[in-house]
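A.B. asks: Sequence:
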Amino acid sequence: MKDKPLKDFENLGLAPILLENLRRLGMTSPTPIQAHAIPSVVAGRDLLGLAQTGTGKTAAFGLPMLTRIIAQNRRPEARQIRALVLAPTRELANQISESLNAYAEGAPVRVFRVVGGASINVQAQRLQRGVDVLIATPGRLIDLMDRRAIDLSQTGYLVLDEADQMLDIGFIHALRRIARALPQEDRQTLMFSATMPKLMNDLCAEYLTDPVRVEVAPPGRAAERIDQGVHFVSQGDKAALLAEYLSAHTDEKAVVFGRTKHGADKLGKLLDRWGFSVASIHGNKSQGQRERALAAFRDGEVKVLVATDVAARGLDIPLVEHVYNYDLPNVPENYVHRIGRTARAGRSGRAVAFCAPAEVVDLRAIEAAMKSRIPVIGGEAPSAEVAAAATAALRQSRRNAQQARSGGGPRPAKAATPSGQKPAKPKAAKPARSAANAGNGGGEARPSRKRRGGAARG
DNA sequence: AAAAAAC
1 MKDKPLKDFE
11 NLGLAPILLE
21 NLRRLGMTSP
31 TPIQAHAIPS
41 VVAGRDLLGL
51 AQTGTGKTAA
61 FGLPMLTRII
71 AQNRRPEARQ
81 IRALVLAPTR
91 ELANQISESL
101 NAYAEGAPVR
111 VFRVVGGASI
121 NVQAQRLQRG
131 VDVLIATPGR
141 LIDLMDRRAI
151 DLSQTGYLVL
161 DEADQMLDIG
171 FIHALRRIAR
181 ALPQEDRQTL
191 MFSATMPKLM
201 NDLCAEYLTD
211 PVRVEVAPPG
221 RAAERIDQGV
231 HFVSQGDKAA
241 LLAEYLSAHT
251 DEKAVVFGRT
261 KHGADKLGKL
271 LDRWGFSVAS
281 IHGNKSQGQR
291 ERALAAFRDG
301 EVKVLVATDV
311 AARGLDIPLV
321 EHVYNYDLPN
331 VPENYVHRIG
341 RTARAGRSGR
351 AVAFCAPAEV
361 VDLRAIEAAM
371 KSRIPVIGGE
381 APSAEVAAAA
391 TAALRQSRRN
401 AQQARSGGGP
411 RPAKAATPSG
421 QKPAKPKAAK
431 PARSAANAGN
441 GGGEARPSRK
451 RRGGAARG
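Residue numbers (full-length UniProt numbering): 1 to 458.
Worth double-checking, as some hints may not be accurate.
Here are the simulated distance ranges between beta carbons [to be verified]:
(1) VAL376 x THR209: 46 to 56 Å
(2) ASP168 x THR209: 19 to 29 Å
(3) GLN154 x GLU367: 45 to 55 Å
(4) THR209 x ARG75: 21 to 31 Å
(5) ARG373 x GLY275: 33 to 43 Å
(6) GLU244 x ASN201: 37 to 47 Å
(7) ALA388 x ARG177: 40 to 50 Å
(8) ASN201 x LYS371: 18 to 28 Å
(9) ARG176 x VAL386: 38 to 48 Å
(10) GLY44 x GLN396: 50 to 60 Å
The set of hints was computed from the structure by calculation and includes no laboratory data.
All of these numbers come straight from a predicted model, not from anything done at the bench.
Ideal placement from N, C-alpha and C gives every residue a C-beta, glycine not left out.
Using the sequences and the hints given, assemble the complete structure.
C.D. replies: What follows is the structure, encoded as structure tokens:
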């Protein structure tokens with residue numbers, strides 16, 4: 001079977017109504033992961049799918065699962081659901097829900113999605129009537145379980161998308177609780193992951209029974225169609241450098257990744273002031289803002305999307321030409337996920353990483369994880385001494401910030417200062433705040449083309 | 001150390 005990939009969906013054992021819908025959607029031939037996964041899942045096997053996003057994962061689990069549910073033809077009772085799909089972000093859950101709804105149109109299957117940021121009562125009411133396929137983010141699902149709005153005891157299918165992200169602390173506890181509420185015996189479990197860290201083996205052993213393993217591309221390797229490069233630059237010169245890159249391709253779409261919510265927000269506002277067509281998305285924005293930003297970017301209304309790692313995984317946005325790693329990710333695997341936002345559906349793309357001296361250590365970790373070097377396309381790598389000093393300085397400043405936060409609460413009365421005012425410094429040598437260093441206040445000018453030189457060399 | 005996911 002593996003030597004002879006199937007040319008169309010006809011002989012994979014899918015329900016006729018799904019085949020009709022696939023024709024209508026213009027999906028003619030299965031992708032490799034679909035061709036290999038669908039027959040096994042239709043046959044009831046557990047599955048471990050190792051695949052990058054954009055390889056057709058959603059249809060690979062969705063079509064055979066819907067086929068089995070249609071064939072069983074059993075209505076769920078109140079609050080019961082028959083299949084559960086878990087995703088790590090709300091946007092990913094939305095995307096999966098839209099795809100499954102399209103595949104299942106006209107079929108006697110009810111697909112529903114529950115995520116945070118929307119009324120829980122409306123969702124609970126809908127669950128009261130029973131649901132066939134539920135797509136959920138872990139936080140909201142736990143909330144619904146606590147309210148006894150959902151009954152997972154008859155749920156025969158569990159799908160974990162982006163399972164490697166479910167290993168994160170905070171997710172893993174939720175996942176364990178959810179998995180305990182499902183049947184342990186008569187359950188088919190499907191797991192998908194782009195990377196295979198060691199802990200994933202434990203998760204597989206815990207939840208999969210004699211799984212079929214389908215691997216469509218070496219995990220952890222960046223897609224070959226992505227033209228990658230790294231540009232060494234001082235932290236302070238990053239914004240101006242980004243503006244130069246963006247100005248060279250103003251009619252093309254770009255995703256810019258930052259490390260923190262605050263940083264991404266600030267950068268989005270700065271680019272907006274500089275006249276770029278930009279939207280930003282991160283976890284501190286309301287769900288409405290997140291969805292509007294994504295929609296505007298998807299439609300091409302805005303050309304630049306500034307994001308945190310909330311958008312690193314799985315999101316399928318057509319025609320993204322550029323990915324900028326404005327800050328390098330601190331989880332090396334996320335580099336591969338981030339650059340995977342470009343070069344989708346057979347197209348090519350370009351990924352530029354900005355690397356400040358303090359990030360050289362992150363860069364090397366990424367290269368080690370990918371087992372390949374990223375070509376240098378600009379700037380000059382700082383010496384080992386400069387990089388080490390910058391890394392140490394950054395760690396120290398983060399420790400200080402951490403201390404300031406934890407010490408910011410109620411403090412002993414001793415040495416109290418008027419609120420909002422800093423205690424006087426021992427050496428009052430700091431010059432008065434001048435217009436030149438007054439920060440990113442208001443009428444900041446677009447940076448000149450000529451960058452300030454040599455800041456990275458220390 | 002940060003982001004995500006719940007109010």
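A.B. asks: Which constraints among the numbered hints does this structure fail? Numbers only, ascending.
C.D. replies: none
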